[in-house]
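Participant: In case you want the letters, here they are:
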Amino acid sequence: MTVTSVRTGHGLRQALGWRNVLDTILVGYLPILIALFIIVVPLAWMIASSFKPASEIVTLTPAFLPQEPTLANYEAVADRVPLGRITINSIIVTFVGSAIKVVLAIASAYALVFVKIRFKNLIFIGILVALMVPPEAVLLPNYNLVSQLGGRNTLWGIILPGLGTAFGTFLLRQQFKTLPKELLEAAELDHAGHMKRLWQIVVPVSAPAIATVALVTIVNEWNNFMWPLIITDTPDSMTLPVGLNLLHSIESGTGVYGFYMAGAVLVIIPILIVFASLQRYIVAGLTQGAVK
Amino acid sequence: MATPKTLQKDVEEPRAAVPAKPDDRATASLDATRRRRQRRERLVFWGLIGPNAALIIAFIYVPLFSNVYYSTLDWSLGSSAARFVGFDNYTRLFTSSGGLEMWRVTLIFTVATVAGSMIIGLLLALALNRRLPGRTLFRTGVFAPYVLSGVGIGMVWNFIFDPQIGVLAYVIRGFGGTSPQWYLDKDLALVMVIIVYVWKNLGYCAVVYLAGLQSIPRDLIEAATIDRAGPVRRFFSVVLPLLSPTVFFLFITTILSSMQAFDLLNTMTPTGNGTNTIVFEIYLQTFGPYQRAGYGAAISVVLFVVLFAITALQMRFVERKVHYA
Numbered sequence: 001m002t003v004t005s006v007r008t009g010h011g012l013r014q015a016l017g018w019r020n021v022l023d024t025i026l027v028g029y030l031p032i033l034i035a036l037f038i039i040v041v042p043l044a045w046m047i048a049s050s051f052k053p054a055s056e057i058v059t060l061t062p063a064f065l066p067q068e069p070t071l072a073n074y075e076a077v078a079d080r081v082p083l084g085r086i087t088i089n090s091i092i093v094t095f096v097g098s099a100i101k102v103v104l105a106i107a108s109a110y111a112l113v114f115v116k117i118r119f120k121n122l123i124f125i126g127i128l129v130a131l132m133v134p135p136e137a138v139l140l141p142n143y144n145l146v147s148q149l150g151g152r153n154t155l156w157g158i159i160l161p162g163l164g165t166a167f168g169t170f171l172l173r174q175q176f177k178t179l180p181k182e183l184l185e186a187a188e189l190d191h192a193g194h195m196k197r198l199w200q201i202v203v204p205v206s207a208p209a210i211a212t213v214a215l216v217t218i219v220n221e222w223n224n225f226m227w228p229l230i231i232t233d234t235p236d237s238m239t240l241p242v243g244l245n246l247l248h249s250i251e252s253g254t255g256v257y258g259f260y261m262a263g264a265v266l267v268i269i270p271i272l273i274v275f276a277s278l279q280r281y282i283v284a285g286l287t288q289g290a291v292k
Numbered sequence: 001m002a003t004p005k006t007l008q009k010d011v012e013e014p015r016a017a018v019p020a021k022p023d024d025r026a027t028a029s030l031d032a033t034r035r036r037r038q039r040r041e042r043l044v045f046w047g048l049i050g051p052n053a054a055l056i057i058a059f060i061y062v063p064l065f066s067n068v069y070y071s072t073l074d075w076s077l078g079s080s081a082a083r084f085v086g087f088d089n090y091t092r093l094f095t096s097s098g099g100l101e102m103w104r105v106t107l108i109f110t111v112a113t114v115a116g117s118m119i120i121g122l123l124l125a126l127a128l129n130r131r132l133p134g135r136t137l138f139r140t141g142v143f144a145p146y147v148l149s150g151v152g153i154g155m156v157w158n159f160i161f162d163p164q165i166g167v168l169a170y171v172i173r174g175f176g177g178t179s180p181q182w183y184l185d186k187d188l189a190l191v192m193v194i195i196v197y198v199w200k201n202l203g204y205c206a207v208v209y210l211a212g213l214q215s216i217p218r219d220l221i222e223a224a225t226i227d228r229a230g231p232v233r234r235f236f237s238v239v240l241p242l243l244s245p246t247v248f249f250l251f252i253t254t255i256l257s258s259m260q261a262f263d264l265l266n267t268m269t270p271t272g273n274g275t276n277t278i279v280f281e282i283y284l285q286t287f288g289p290y291q292r293a294g295y296g297a298a299i300s301v302v303l304f305v306v307l308f309a310i311t312a313l314q315m316r317f318v319e320r321k322v323h324y325a
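So the protein sequences, as listed, match chains A and B.
For the first sequence, full-length UniProt numbering assigns the number 1 to the initial residue and increments by one for each residue that follows.
For the second sequence, full-length UniProt numbering assigns the number 1 to the initial residue and increments by one for each residue that follows.
The shape of chain B in the complex, shown without the other chains (with noise of 0.2 Å):
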């Protein structure tokens, strides 16, 4: 698309224009002229910038704090009538046995899912690091979960652990067992999303880990191996420690997402039974069934200072590979 060379209006302005008399006039015309094109420069910038910092200040900032005041609420959402409590919603969330309860199983939840991605994502990402013909085809396999709708995904695994037809129920018959209740049972319930969530993201462990594990310098290898290390010395004495950086950043990331995890666990087991993670108890309480508006902005607000520490810590310690400013 050839544009017609016309009106240009933020021409610079000609520098013909300065030096005709004296000093002074000539110093006051060019401060101007910096002055307007400062001005300009600022119209700019947001002219750029300001639709979108107006959406990120309407829809995040002020947001997070109106939050806040919800959060000192005795409200349910839809009625008109609510009650200031002060911080009894946070007492609650860390002495009512339903907060002791999520945090238990947000606890379990992620440190099953992290463990289980990070260190299965990791065996999978050594098989994958070697030259191998179709390698990239597997790659995309193992990836392609992590990108599809949990909703769908959870209704798929849901039919697999069907108690009574279900293809995990045939093949647990086919060894003589009996299929236990996965969604009855509170704790197996637990382990039947861990096993599903892993499942999802661990194509994206393995993928972040082989990046990593390409960016370690080959000779560094050889040298080990001349040195007569077996593969197992060689992983634990060259490639872990060189990966490190690597699995510090999956480390956070999956702990982030982990906690945030919800599609899944809502199609799996829509009531929570058992499966009442952080956001999951945020939106069971103020949008569910329990209509406590006031104690599920409570729950967030935690929420976000709990998500927000841990990506200050990724920052502060990755600060000077990745350069942000």
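In isolation and in its complexed conformation, chain A is listed as follows (with noise of 0.2 Å):
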């Protein structure tokens, strides 16, 4: 429970002695290795599994790496929902879904900072208090009146109910209100419009934060589960968590841990990379809110 550094205060002969090498490996290097060997394996065993054939699946004594890898769990998985088009329904709800919802979230942040207009401390309340709303509150009245306008089943019934954006309204908000005034206010007396001044000036600057923001959509938006869950029923409509949640419940018995490792495969890896290689931004956008 050591808080400080090894090079703090010390000189270097001190931060290279045993004790603090020794110190060093037990309390520090430890603890991680043992938590990150936690959160890996049964990531690994995920992927290694999904290679597995059905006799190396269901045994008493398994081995970490597949002895005859296999593609003939991802060939089962595909035999039983439709995978390319629920991977493409997938793709299209995350980035129609997303991309719709930066775009609204740029300009309602811009107009609650920079239009000058009373009240608009009121509209803010409002979409505060929308941000406080569990999803699980308003599902059936939305069920209800997606089903009417004849949604279910459709992409549009998954992307639509989901557009309003109270979290990117105000993480941007938050962004923009930290932009220097003089820049926007150079920008008036050059008289350039409203238009000019979002797309020209606030958006090029507030890059980080507005890919922040995307990143966070895009990864809620693929894991999205209850409401497609909801909304759809014939697997041909279906995005890939909830034609996976099928897979899972069409199917029992242990000789079908192979398909589901590969189906969850599928769903996990590509959120996997997204994240590896933007993780910076996408962590700054899932922990916004705690201290600074």
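Read the hints as simulated data drawn from the structure, not as lab findings.
Don't take each hint at face value.
To give an idea of the interface, some chain A residues facing chain B are shown, with a C-beta separation under 8 Å as derived from the structure [said to hold, decoys possible]:
#1 Ala111
#2 Lys116
#3 Ala137
#4 Leu155
#5 Trp156
#6 Pro161
#7 Phe167
#8 Asn223
#9 Asn245
#10 Leu246
#11 Ser249
#12 Glu251
#13 Ile273
#14 Ala276
Where chain A lies over chain B, by a calculated footprint (3+ residues, C-beta under 8 Å) [said to hold, decoys possible]:
#15 95–108
#16 124–134
#17 199–211
All figures in this text were calculated on a predicted structure; none of them were measured in a lab.
Each residue gets a CB set at the ideal place from its N, CA and C atoms; glycine is no exception.
Please dock the two separately framed chains into a single complex, following the hints provided.
Facilitator: This is the structure in structure tokens:
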């Protein structure tokens, strides 16, 4: 539970002393390695198992690596659910949904910060309160509404109810408020209209914050489960998580874990890659509101 | 992308138009200009925020109220017969054995997952707070499960917990034991989903703690070290008090997300055997096998009230720190 860093306050000689090295390994690396092991093993197990033939899955003495690697599990998943179709559905829902949300968030946040109008704080409070409404509390009425509009088993039916964005608006508003006033006043004196100020000044200088909002939205849309689960019941209109949930409920028994793992790889790996390459922005967005 | 500097529709009114003749005319013209400008600003404002506001009203505010209406009905989804029952659904929520069971499960699940991820997360953050080579990589690895699909994660852990061929059963056999029936025993099913949920959310806590720890000035800790305070003493007298806003923030956010857990629970225990937390129960009652949409709506109204109260509490306490307005 030492808090001081190895390099603080002491000379280099002491930093390299055996006690300190031992301390670093025991208190520093060991718990982290254990934690990492616990985090990574299940995911590695998933990937390895997805390439195992059924005989290596249904065994009392499992081995980590597949002895005879096979793609049979992936083929089996594709046989049972329209894999290509649901993957495309997921990609469309994720990108169309996120793109619209980001544009709406940018426009709303700009209006709340830079357009001079009375009562705009009241509208901001309205958005803050919307942020506090759990999606589960509006599930049933939204289901009724979208069903009546003919949105069951359609991609727009999956996308539409989630489009209003309180989170993105809130986050970008906080960011826009930190921009120096002079920047926009200068543009105003140059007779730049709101559209020009928005797209040529505010958006470019806020690119990192916008990227953060975009990435967090993409992650959430890709993983979104409850609403697509409710609004779709034909396999062709499902997204990946819902399609895999279907796979999960139509097949049971110990022999099917190979399919499950192949399915899990398909829904987990894309976002894992996105996260690994852009983790700084995603972490910033998801931990927003914590102490700075 | 260079825009041609041509027609600028919203150029400011030229000042020169004003001062030709008497004062009252000048002010009248100024007023007109100001009014025009105000109208234009209003138009711009609603043009920018309108679509978002309309969506929020249509899919959050309106349904929030219609849900209250649904909660007074005895009704199943898709049927045309709905009977008004007043507060019966709410009474059932707090008196029936199913309702009480839901509260019990929600309480256990929330307390266990919040405590689990906050305590283990803190220990991990303290380990990660040293300037170790490779720290960023560790942080990424620990945070990763938090961004992954609950359905996918649930399927992976289903396999690991399988009492016959799962890895966990294999390890337990290695120690000479037999794997418990995780899926059949109600209490064990709850323990199982708690373990996996903590596993998934641990990294979130660790990373937020880490941000808090790094904002603590190093000289304070060094001063305590010079005063011969040991690591434990330093932690409780210096670090923890300074970390308290972070702890509070995590406390609120993890309660909110634990109470809303669904993907993982639905995947690991599809029928909710012993794991019917409040959100899972909303789904099962409304869209699942029970077909009691009115009762489901009542549960979701109560959920909203509870979560709203918790968030309002947070806003009240951190208001001065976060600057919302």
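Participant: Against each hint, give a clear statement of whether it holds in the structure.
Facilitator: Hint by hint, here is what the structure shows:
no.	hint	result
1	Ala111	holds (4 Å)
2	Lys116	holds (5 Å)
3	Ala137	holds (4 Å)
4	Leu155	violated (16 Å)
5	Trp156	violated (13 Å)
6	Pro161	holds (4 Å)
7	Phe167	violated (11 Å)
8	Asn223	holds (5 Å)
9	Asn245	holds (6 Å)
10	Leu246	violated (10 Å)
11	Ser249	holds (6 Å)
12	Glu251	violated (11 Å)
13	Ile273	violated (11 Å)
14	Ala276	holds (7 Å)
15	95–108	violated (count 0)
16	124–134	holds (count 8)
17	199–211	holds (count 7)
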